[in-house]
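Protein chains in written order, with UniProt numbering: chain L, 1 to 318; chain D, 1 to 340.
I should point out that these hints are in silico values taken from the structure, not numbers from a laboratory.
One should not assume that every hint holds.
The list that follows gives simulated cross-link-like pairs (lysine-lysine, BS3-like), each with its CA atoms no further than 25 Å apart [to be verified]: (1) LYS61/L to LYS125/D; (2) LYS203/L to LYS170/L; (3) LYS318/L to LYS305/L; (4) LYS127/L to LYS125/D; (5) LYS125/D to LYS78/L; (6) LYS245/L to LYS305/L; (7) LYS293/L to LYS305/L.
The chain contents come next:
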Amino acid sequence: MTKQLLSVQDLSIDFLTRRGRVQALEDVSFTVSEGEILGIVGESGSGKSVLSYSIMGLSDKAANIRSGSIDFRGVPLKPEKMADLRGREISMVFQSPRTALNPIRKVGHQIEDVLRRHTPLRGKVLKSAAIEALARVRIPDPERRYEAYPFEMSGGMCQRVMIAMALACKPALLICDEPTTGLDVTTQAVIMDLVRDLVAETKMAAILITHDLALAGEYCDRIAVMHAGHIVEVAQSRSFPNELKHPYTERLFAALPSAAANLSELAIIPGSLPDLRGALPPCRYIARCERAKEDCSLGPLPWTKIDSDHLVRCRYPK
Amino acid sequence: MNTLITILRRVLVAVPTIIGVVIVTFILQRALPGDPAVFYAGPSANPEVVARVREQLGLDQPVFMQFLDFIRRLTHGDLGLSISSGHPVLDDLLSRAPASIELTLAALLFAIVVGLPLGMLAALKPGTLVDHACRVIVTVGAAFPTFFVALILIFVFYYQLGIAPEPLGQLNEIYDTIPTTVTGFLLIDTLLAGDTATFQSVAMKLVLPMISLGLFALAPIARITRAAMLETLSSDYCRTARAMGLSYSRMVFSYALRNAMLPIISILGMVFSFLLGGSVLVEQVFAWPGIGAYAVSAVMASDYAAVQGFVLLMAVLYVLLNLVVDLVITAIDPRVRYEH
Chain L
1 MTKQLLSVQD LSIDFLTRRG RVQALEDVSF TVSEGEILGI VGESGSGKSV
51 LSYSIMGLSD KAANIRSGSI DFRGVPLKPE KMADLRGREI SMVFQSPRTA
101 LNPIRKVGHQ IEDVLRRHTP LRGKVLKSAA IEALARVRIP DPERRYEAYP
151 FEMSGGMCQR VMIAMALACK PALLICDEPT TGLDVTTQAV IMDLVRDLVA
201 ETKMAAILIT HDLALAGEYC DRIAVMHAGH IVEVAQSRSF PNELKHPYTE
251 RLFAALPSAA ANLSELAIIP GSLPDLRGAL PPCRYIARCE RAKEDCSLGP
301 LPWTKIDSDH LVRCRYPK
Chain D
1 MNTLITILRR VLVAVPTIIG VVIVTFILQR ALPGDPAVFY AGPSANPEVV
51 ARVREQLGLD QPVFMQFLDF IRRLTHGDLG LSISSGHPVL DDLLSRAPAS
101 IELTLAALLF AIVVGLPLGM LAALKPGTLV DHACRVIVTV GAAFPTFFVA
151 LILIFVFYYQ LGIAPEPLGQ LNEIYDTIPT TVTGFLLIDT LLAGDTATFQ
201 SVAMKLVLPM ISLGLFALAP IARITRAAML ETLSSDYCRT ARAMGLSYSR
251 MVFSYALRNA MLPIISILGM VFSFLLGGSV LVEQVFAWPG IGAYAVSAVM
301 ASDYAAVQGF VLLMAVLYVL LNLVVDLVIT AIDPRVRYEH
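Use the sequences and the hints to build the structure in full.
This is the structure:
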C-alpha cells in the first residue's frame with residue numbers, strides 16, 4: 001500500500017462576486033498517493049483550475065472555502081504556512097510557459113530564486129544546483145541555457161525550464177495545470193514523458209489537470225472527471241473508456257474525435273454547464289442528462305461505489 | 001560589443017532629428033511677425049538707419065544665403081549675438097542652463113520619489129485609502145497649471161506661514177556668498193566651496209519651485225506606475241513567483257517592479273521633456289535665473305539668435321534624453337538588445 005500524500009475532503013468553494021455567489025466547487029473529495037499521477041479532466045469552467053489553485057493556496061481573494069479540508073501528509077494545509085511549502089513541498093507548472101517565466105530575467109537566475117528561497121545554497125553551489133536542475137529535465141547544454149532569457153527559447157524548452165524550476169527543490173507533489181496546452185503534439189509527448197519519468201524516479205506524486213482525455217488516459221494512473229464544480233467519477237485509468245458509469249463521462253468519451261470521422265460526425269454533449277450562481281439542483285448534470293429521473297432532483301447526491309477504486313456520483317450508474 | 005553597436009545606432013538615428021530641428025527653427029523664426037532690424041535700431045531710428053542695421057545683421061540677404069551663413073557659424077559653435085543682452089547666445093545659454101537643469105532634475109527627483117512609491121502602493125492595495133489618495137493627487141496634479149500651484153504655494157508658505165524663503169531666484173545676493181563657478185550648478189558649487197550655509201539657503205529656495213514643477217510630473221508617473229504594476233502583478237510570471245513560494249518583496253521588486261520599469265522609464269523621458277517646457281512658467285514666478293525666463297524675454301524682443309539658440313539647445317536636450325531612455329531600457333530589457 002503506497003502512502004497517501006494529499007487528501008481533499010468535501011471541499012466546497014464559493015466566489016463572492018458582485019453578481020452573486022458562484023458555487024465553483026461543491027463536495028470535492030479525492031486523494032493522491034506517493035508516486036501516483038492523478039488526472040483531473042473536465043471542460044472549461046468545470047472548476048479544475050480553482051481546485052488546483054486552492055491546493056496551492058493561490059486562490060483569488062474572492063474565493064471563500066465554505067467547507068471541507070485539504071490535508072497534506074495528514075496535516076491540514078494552513079494558508080499562512082503555504083508560502084514555505086510552495087515550491088519546496090508542493091510545486092506547480094502552468095500552461096503557456098512563455099508568459100509564465102519572467103521575460104527579463106535569465107532562466108538560470110529564476111531557478112536560483114527558488115533555490116535561494118528554500119535552501120541554504122549560495123554562490124557557486126547555488127549556480128551548479130540550478131544547472132543541475134536544468135540538466136534533470138534533459139535540457140541539452142544546461143550551462144549555456146542557464147544564461148538564456150525565455151524569449152530566446154522555444155515553447156517546449158520554456159516548459160522544461162518551468163518544470164526544472166518547479167522540481168528544483170524536489171517537491172513531494174507536482175501540480176501540472178494544462179502543461180502542454182499551446183505546445184505542438186510531439187513537444188507535448190516529450191514533456192509528458194518527462195513528467196512521467198520524473199515521477200517514477202522520485203516517488204513524487206503529480207496531479208495533471210487537462211481537458212485532453214486522451215492525454216490523461218495515457219499518462220495518469222487514476223482519473224477524476226469534473227463537471228460544473230463536482231467530481232462526477234473517479235476511476236483507474238485502465239477503466240477508461242470501457243467501464244465508465246456516469247452519463248457525462250460516457251458522453252465525454254464518445255465525443256473524442258477519431259481520425260476517421262468527419263467533422264459533421266462529431267458527437268456533442270447537448271446543453272452547457274449550468275449557471276453556478278443561485279440555487280442549484282443536487283446533480284448539476286440533470287438538465288443535460290438522458291437518464292434523469294424524478295428522484296434525481298431530490299435529496300443529496302450519493303456516491304455509488306462500483307469497486308474499491310471506482311466511484312460514481314450518480315443515482316443511476318450504467 | 002553588441003551593446004556598443006546599439007548605442008552607436010541610437011546616436012546615429014538622433015542626427016537627422018537634429019538637422020530637422022535646425023531647419024525648422026530657422027524657417028519658423030523667419031516666418032514670425034516683427035522686424036528685428038526695426039527693434040534693434042530703436043524707436044527713433046529713421047529708415048536709413050534701419051536699412052543699415054538690416055545690412056549689418058545680414059537680413060538683407062536672400063533667405064537661403066542667411067541659412068547657409070547660419071549653418072556655417074553653427075559648425076563653429078557660434079550661435080550669434082543676442083540683440084537684447086549683447087552677449088554671445090552660447091555664453092548666455094551656458095551660464096543660465098545649469099539653474100534650469102538643477103530645477104528640472106530636482107522636480108523630476110521629487111516626482112519620482114513621491115510618485116513611484118505612491119503608484120506602487122496603490123497597485124498593491126487597490127481599492128484602499130492609498131489607492132484613493134493616489135487618484136486624488138494624480139487628478140489635482142494634472143488639473144492645476146504649474147504657475148497656479150506655484151502662486152498658491154508662495155501665498156501659503158511664504159506670505160501666510162513665512163516658513164519658505166522669498167521667491168526671488170536661486171540665492172539672496174545680499175546675504176549669501178556667491179560661490180566660484182565650477183560646474184554652474186549652485187548646489188554642487190556651494191558644496192565644493194565648503195559653504196554649507198549658502199548650500200542650505202540655495203536648497204531651501206529650491207523647495208517651492210521644485211514642488212510646483214514636480215507636482216505636475218508626479219501625476220503621470222504615479223498613474224503609469226500604478227497601471228504598469230497592476231498589469232505585472234497579475235501577470236503569469238508573478239503567479240509563478242508566488243507558486244514557487246518566493247517572498248513577497250522579491251515578487252514585488254524583482255518580478256513585478258522590474259518589468260513595470262519599462263513603461264515607467266519611457267514615461268519618465270516624456271515627463272522630463274514636459275518639465276523642460278513647463279519650467280518656463282515656474283521660472284517666471286520664482287524669478288529663477290534659468291533659460292526659460294531668458295527665452296521668454298528673447299521672444300518678446302524678437303531676438304532671433306537667442307530664440308534659435310534656445311530652441312536648438314532644447315532640441316539637443318530632448319534628443320539626448322531620448323537616447324538615455326533608450327539606453328536604460330536596453331540595459332533592463334534583454335529583448336530590445338536583439339532587435340534590429
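A quick look at each hint next to the structure:
no., hint, verdict
1, LYS61/L to LYS125/D, "holds, 12 Å"
2, LYS203/L to LYS170/L, "holds, 10 Å"
3, LYS318/L to LYS305/L, "holds, 12 Å"
4, LYS127/L to LYS125/D, "violated, 35 Å"
5, LYS125/D to LYS78/L, "holds, 23 Å"
6, LYS245/L to LYS305/L, "holds, 10 Å"
7, LYS293/L to LYS305/L, "holds, 20 Å"
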